[in-house]
Amino acid sequence: MRIVLVRRKKPLKYGGLVVALLSLLSGIFVFTIFAWLIGVNPYPVVETIVTTFIFPGVVKDFIILTLLGYALLIAFKGALWNIGAEGQMHMAFLVSIYITLIVFFTTEKSLPLYISIGVILLSIVAAVAAGALWGGLAGVIKAYAGVDEVPVTLILNYIAYFIGDILVYGPFRGKYVYGYARTDLIPDPYKLSIPVQRQLSGNALIDTVTGYMAEFATYAVWLVALILVLIFTYWLLNKSNIGLRIKILGSNPDYLVSLGYDVRKTMVLTFMLSGAIAGLTAALYYHGSLYRIEYPLEYNTASYGYLAILVAWLSMLDVYLVPLSAYIVSAVILGSQRVSSLPSVREAFTRLQLGGAEMAFKLLMFGSILLAYSILRFIQDYELKVVS
Amino acid sequence: MIPQLDYIIDKILPAFVTFYLVSLGHSIFEKSGILNLAIDGVFFTGTGAALLGAILPIIYNIPISPPVMGVLVATLIAAILGLFMSSVLTFLPISHGAVGLSLQFFSYGVGIMLGYYVRLAYGTIYGVSFAREDVLYLSIISLVIGVVLHLFIERTKIGAAIRAVGENPHSAAALGVRVMAIRIVAGMLGFALIGFGGALFILSWQRSWDVKLFTLGYGWLAFATALAAGRHPIVLIPVSLLFGGLVNSQTDLQSRLGIPADVAKLIPFLAALALMLIYSTTRLRRIFASPSSLGKPYYKEEKSI
Amino acid sequence: MSSPLLSVANITKTFPGGVVALDEVSMDFHPGEFTVILGENGAGKSTLVKIMYGIYTPDKGSIILKGREVEIKSSLDAIKKGIVMVSQIPQLVDRLTVVENISLSLTRIGMFETMTRVRRFFKEVSEKIGIKVNPDAKVWSLTYTQKQLIEITRAILLDAMVLILDEALTYLPMEERRKFYVYLNEFKEKGRSVILITHKIPEALEIADKIYVLRRGKLVGALDKASANIDKIRDLMFGEAAKTITYERFTKPYETPIGDIVLNIRNLVVEGDYGEIAVNNVSLSVRAGEIIGIAGVVGNGQRELLEAIVGLRRVREGRVIIDNHDVTNKGVKLTRESGVGFIPDQPLRYAVSADNNIVENVAALFSRKNFVVNWKSMRELSEKLINEYGIYPPRPEMHVKLLSGGNIMKTVVSRELEYASKALVAYNPTRGLDEATSTFVRRKMKEKAVNSKLAVLFASEDLDEVLQLSDSLYVMNRGVLYGPFDPVSTPRSKIEELMVV
Chain X
1 MRIVLVRRKK
11 PLKYGGLVVA
21 LLSLLSGIFV
31 FTIFAWLIGV
41 NPYPVVETIV
51 TTFIFPGVVK
61 DFIILTLLGY
71 ALLIAFKGAL
81 WNIGAEGQMH
91 MAFLVSIYIT
101 LIVFFTTEKS
111 LPLYISIGVI
121 LLSIVAAVAA
131 GALWGGLAGV
141 IKAYAGVDEV
151 PVTLILNYIA
161 YFIGDILVYG
171 PFRGKYVYGY
181 ARTDLIPDPY
191 KLSIPVQRQL
201 SGNALIDTVT
211 GYMAEFATYA
221 VWLVALILVL
231 IFTYWLLNKS
241 NIGLRIKILG
251 SNPDYLVSLG
261 YDVRKTMVLT
271 FMLSGAIAGL
281 TAALYYHGSL
291 YRIEYPLEYN
301 TASYGYLAIL
311 VAWLSMLDVY
321 LVPLSAYIVS
331 AVILGSQRVS
341 SLPSVREAFT
351 RLQLGGAEMA
361 FKLLMFGSIL
371 LAYSILRFIQ
381 DYELKVVS
Chain Z
1 MIPQLDYIID
11 KILPAFVTFY
21 LVSLGHSIFE
31 KSGILNLAID
41 GVFFTGTGAA
51 LLGAILPIIY
61 NIPISPPVMG
71 VLVATLIAAI
81 LGLFMSSVLT
91 FLPISHGAVG
101 LSLQFFSYGV
111 GIMLGYYVRL
121 AYGTIYGVSF
131 AREDVLYLSI
141 ISLVIGVVLH
151 LFIERTKIGA
161 AIRAVGENPH
171 SAAALGVRVM
181 AIRIVAGMLG
191 FALIGFGGAL
201 FILSWQRSWD
211 VKLFTLGYGW
221 LAFATALAAG
231 RHPIVLIPVS
241 LLFGGLVNSQ
251 TDLQSRLGIP
261 ADVAKLIPFL
271 AALALMLIYS
281 TTRLRRIFAS
291 PSSLGKPYYK
301 EEKSI
Chain S
1 MSSPLLSVAN
11 ITKTFPGGVV
21 ALDEVSMDFH
31 PGEFTVILGE
41 NGAGKSTLVK
51 IMYGIYTPDK
61 GSIILKGREV
71 EIKSSLDAIK
81 KGIVMVSQIP
91 QLVDRLTVVE
101 NISLSLTRIG
111 MFETMTRVRR
121 FFKEVSEKIG
131 IKVNPDAKVW
141 SLTYTQKQLI
151 EITRAILLDA
161 MVLILDEALT
171 YLPMEERRKF
181 YVYLNEFKEK
191 GRSVILITHK
201 IPEALEIADK
211 IYVLRRGKLV
221 GALDKASANI
231 DKIRDLMFGE
241 AAKTITYERF
251 TKPYETPIGD
261 IVLNIRNLVV
271 EGDYGEIAVN
281 NVSLSVRAGE
291 IIGIAGVVGN
301 GQRELLEAIV
311 GLRRVREGRV
321 IIDNHDVTNK
331 GVKLTRESGV
341 GFIPDQPLRY
351 AVSADNNIVE
361 NVAALFSRKN
371 FVVNWKSMRE
381 LSEKLINEYG
391 IYPPRPEMHV
401 KLLSGGNIMK
411 TVVSRELEYA
421 SKALVAYNPT
431 RGLDEATSTF
441 VRRKMKEKAV
451 NSKLAVLFAS
461 EDLDEVLQLS
471 DSLYVMNRGV
481 LYGPFDPVST
491 PRSKIEELMV
501 V
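Chains as they are written, first to last, in my numbering: chain X, 1 to 388; chain Z, 1 to 305; chain S, 1 to 501.
One chain only, chain X, in its complex shape (with noise of 0.2 Å):
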């Protein structure tokens, strides 16, 4: 008797979806697994994870994991590991920095809405161009030169940090800091976010719809960027020439060769889409929540680059899971994060003088999710049978 492994005769239905829930609990569980190994009572911190799935909080890292999530979805559709979001959103946040803090910085408390607007679409259009070329130079590197694009993407992710941190530190300093090494705030007349007041009423409930209600309005702009992006890449992947060129390249490049196509050429442009959307995702959060950037640069972002991939992978490459995808993996991240304030788990960590661990949990949870998917995968298309 022994276990083979074979081909199904039809891909399991509702395998995706299978394989992405049990991603996600195996990461959870890896999570409560270490908390439980320091000492941590289990089901809090499960029950923290599960409340954080309603919680308005989820909202901002929602938006942005979806923009994201379709930056990689294009990349990925055309198999092409675009692990480089990270150093393209960079890249875009030094143009718009230029621009807002440098060429037009005003300490002005209001601007007529015209100047407002201009500068904020030119600082999007700049950080688009900026996240396209910095995505462009690695489908470049990849397609003509033949390098592996991950190794290329991650090390292009180095780069972009040191530059920015060499701009921070030097040019980009700001001149209201107080010594610290960062950028000044954003002038008022360039900020994207719609300040919204609310009371709160004491009712859970009503409370919690109201603080949805709340975060929406607030990041309103973003959401309307969400939705033509969600559009765009729909239009792309499943309408146009291009799209199909992509999805073809993911699936056999050597077919695409044979039908005439220029490989090296979708690669490069496959990148350029992918970096754009990064670009424009890092100018809307700069714009709207970041307001500066600080050194040093890698932690301006919230992993938000690398988070994306895990977006991706568990929307299956869906044009219409990714929002649910981005939603998943928000509740998780923010739900491992306010775990880690939890009294108990707090109490837990100074006694075994685990202080700043959380990040190993994190990257544990993180890290069991993408494996448990990168390896799960395999129940859609195959099975294990047993032979005697």
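You may find that some hints are simply not true.
Claimed, not checked - If you want the footprint, here are the derived chain S segments under chain X, 3+ residues with CB under 8 Å:
| hint | region |
| --- | --- |
| 1 | 57-66 |
| 2 | 332-342 |
Stated by the list, open to error - Calculated Cβ distances over 10 Å to all of chain Z for the following chain S residues:
| hint | residue |
| --- | --- |
| 3 | Glu71 |
| 4 | Val133 |
| 5 | Lys179 |
| 6 | Ile201 |
| 7 | Asn324 |
| 8 | Arg379 |
| 9 | Ala436 |
If you're looking for bench data, these hints aren't it; they were derived computationally from the structure.
Where is the CB? At the ideal position from N, CA and C, for every residue including glycine.
Position chains Z and S relative to chain X; hints supplied.
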């Protein structure tokens, strides 16, 4: 003593040994046809494991030199990761890239778990590190390992088997090679060497450890080194030396030329990119061709026309 | 009668797409006997021997070796039990040397041993059977025939009890096959068993002591030497379809005046995958409405030649002129846009996108100029092709990876024939198709060539196919093109001789 010699012993050699071992391990691993995108994570796990290993003899009074124990624990834990990655990717037809990348993040977490407690409890690790002169022996050991591995790969049957599973696992299996066994051997050996390099990184070069080391990206520099040297154990020697020197020149460049620290940090990464480009766009690519099946999922019951 | 050396009993194996490759198949293989398993493409013969050699796992059934039921877990396991297989495509690792390849099979060579002893073993055997191959040559530098000889040497070195030849001799010319028969007879004399897989009836009749016939995964007949004849086997192999299958030349009804030169190849020199000269100073021309066939043993530069013509491979010297335009090294895009259809060597690898559906595969070729794809017309076109060629299941939105090999091939052939407006370049256009469908495809090619004034250039390892379809044929051997020859008046033996000399 001559100042240049001091510089070599204190700066160049520790960096060289680290880069050499990591890129050597990576090369052996990839020769068996499995794409290794977990390199940076395994390297970092090696550093954490080495730290933990180095204090074990002190806590439990084991009569082993602490740094040696550090190396043993690091290679062991890295080898376990290698066993996992090789076997899962040989048994299941899944993406090498996805598994490698995921394992990288996971092993960042493992590395922190292993090293963090020791770091807090013991602070400085000078006492459990290798002595200054030990780096000479370590260099010699590493070079011997490299040369021996090279001879094994090029001359012996097991070397032919490793190359065969990297080139074409289907043909290799039909010839009678146990693909799984060979890939596990190469995988464990390769990762063990990466772990060894990670151990020397903190026990002989840095002599300190910090959680944030995982954002350093030196594993990726070794990835570039291995690629540019065509995964050839002998060619790797000068290229690793170059990188060792380059990374070390950071502090010197800073002080001598008065350039910001971040510019100096940037240089090795630019060099890595440049090296990969040189390799890929010149004849080197053909001379030191990558294994034909590198990164290709392996599934044997495939019906093909 | 002696008891069988090896038997298979009630073997069943199913593949995705619901294809039953083998259905309760039982066979006996006796010592000192030469058994042939006959069947057309897709009949399940390769699947059966791959099970016997430990590559596939059967869903059901047992293997009995010398009276004992055994389990064959891997090829290594099979080798240890004395079963050795030689495939149609040599299972050697190209970048390893000859002796390194051999060493991997020899269990008596230790894992940490160098090649010294293997080299000696190899020399002893190769001298005995008269092969001249440098044991330290890399396998990629050898010809197809040399590689097959090495595989035979390996089988001898392994002291095999059962030797399986999976179409290993089928595409070799008669002369070469005879050389192999000498060793095989010697082998048989020693009380061992040879199993030959083929779909060519004459080849089976040449040497078989016993013939098993498979059709669509079922054992439909077992004949011994005395009772076997072509007609009987044909009926068993093809059943009802036998009537539609023909090897007659497509001539009379289609005879038309031939037009201007469309494909003009001048003094072409092309490098192979390892930088060697694969195509050596080849010139030929194909006129509108004409079909030119290139015969040759696999790996003699046909693939490289065709790839260079369509622009997939760099031309080192010489010119490719299509429809009076010089397209040398100008890329596939230009050749495609000049109306050239292309069926490459391994269609599954080069001619379809398996994760996409039929419509998308079709649109990628036909909607190349549109920024937004006209999905409606692409769907209609796909439906037309599906109906015309009987692609099953007839669903345009079916993912290509879920189709069977034959249906994938039909998708490719139909698409490329539909697209071709000036010329069609094809390699093994009927590979993997059953005989009835092959005949159908060849007929389509002929019709299209004549009716649409298409210039057709194809290469095939199957000499029968070349003889059936070509208006004029060439032979390619070690990168050199010989010809043209008239397929009717040139003796077959002359062509076969050119294929290997």
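We went through each hint and held it up to the structure:
1. 57-66: With 3 residues close enough to chain X, the hint holds.
2. 332-342: holds (count 7)
3. Glu71: 16 Å, holds
4. Val133: Val133 of chain S is indeed farther than 10 Å from all Cβ atoms of chain Z, at 17 Å.
5. Lys179: At about 24 Å from chain Z, Lys179 of chain S clears the 10 Å cut-off, so the statement holds.
6. Ile201: 22 Å, holds
7. Asn324: 36 Å, holds
8. Arg379: 26 Å, holds
9. Ala436: At about 17 Å from chain Z, Ala436 of chain S clears the 10 Å cut-off, so the statement holds.
Taken one by one, the earlier hints all hold for this structure without exception.
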